[in-house]
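Peer 1: Next come the chains, spelled out residue by residue.
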Amino acid sequence: DAKTTQPNSMESNEEEPVHLPCNHSTISGTDYIHWYRQLPSQGPEYVIHGLTSNVNNRMASLAIAEDRKSSTLILHRATLRDAAVYYCIASGTYKYIFGTGTRLKVLA
Amino acid sequence: GAGVSQSPSNKVTEKGKDVELRCDPISGHTALYWYRQSLGQGLEFLIYFQGNSAPDKSGLPSDRFSAERTGGSVSTLTIQRTQQEDSAVYLCASSSPTGQVNYEQYFGPGTRLTVT
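Those sequence lines, one after another, are chains A and B. Residues 1 to 108 in my numbering are what the first sequence lists, from first letter to last. Residues 1001 to 1116 in my numbering are what the second sequence lists, from first letter to last.
Treat the hints as calculated values from the structure; they're not laboratory data. Predicted model, so just to flag it, every value in this text is computed and none were measured. Misleading hints may appear alongside valid ones.
Below, computed lysine to aspartate or glutamate pairings styled on EDC-like, alpha-carbon distance capped at 16 Å [claimed, not checked]:
| no. | chain 1 | residue 1 | chain 2 | residue 2 |
| --- | --- | --- | --- | --- |
| 1 | A | Lys105 | A | Glu16 |
| 2 | B | Lys1015 | B | Glu1085 |
| 3 | B | Lys1017 | B | Glu1085 |
| 4 | A | Lys95 | B | Glu1104 |
| 5 | A | Lys105 | A | Glu14 |
| 6 | B | Lys1057 | B | Glu1068 |
| 7 | A | Lys69 | A | Asp31 |
| 8 | A | Lys3 | B | Glu1044 |
| 9 | A | Lys3 | A | Asp31 |
| 10 | A | Lys105 | A | Asp82 |
| 11 | A | Lys95 | B | Asp1056 |
| 12 | A | Lys95 | B | Glu1044 |
Modelling step: build the complete structure from the supplied sequences, incorporating the hints.
Peer 2: Okay, structure coming up:
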């Protein structure tokens, strides 16, 4: 599993898009890129995952660099309920290594 | 449907006492995980169950920590002779493996353990 690097914190205005970056320069070819988020006083929840191609779901989009050494989680319109710690994980197995993540603050 | 549940939600214990933390995974999920989250930190992997077997116990921090799973369902994490550094939120997750090596994990709300 690859080590990931994320900014400690980011801010966004409500209803604006947010781009959360993640570096995983040592990722292997079989490692998936997963994103989870943790709201205050809750367990983490799944956001999105991908391998090589960009992915979209109802929560977010995941843009994966062509060399797969970085990825970006995109929240298209941030709401106050999106304020959370966002974790990027690069893993090819069940074992997830959670870093300290990015704390997203959404301003009203 | 019902998610992952954990009990108790909070536990305060004296140093040196034993504690048991319980996890009820989502019905039908064969994989179960325990993590620990200290204040302001990311999650630390403790142990992984597939069915009732624990093929990976590599994250258990000491022999004071043990876990079991019965009937392919409920799991108990036991900490013996608790120490103050054991204070943390203990999170349980479950997943249902698919054909791909990608296990979306569903987390419970955690048990906050405080050792005084």
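Peer 1: Confirm or reject each hint.
Peer 2: Results for each hint:
no., hint, result
1, A:Lys105 - A:Glu16, "holds, 12 Å"
2, B:Lys1015 - B:Glu1085, "holds, 10 Å"
3, B:Lys1017 - B:Glu1085, "holds, 13 Å"
4, A:Lys95 - B:Glu1104, "holds, 11 Å"
5, A:Lys105 - A:Glu14, "holds, 10 Å"
6, B:Lys1057 - B:Glu1068, "holds, 11 Å"
7, A:Lys69 - A:Asp31, "holds, 11 Å"
8, A:Lys3 - B:Glu1044, "holds, 14 Å"
9, A:Lys3 - A:Asp31, "holds, 11 Å"
10, A:Lys105 - A:Asp82, "holds, 8 Å"
11, A:Lys95 - B:Asp1056, "holds, 9 Å"
12, A:Lys95 - B:Glu1044, "holds, 10 Å"
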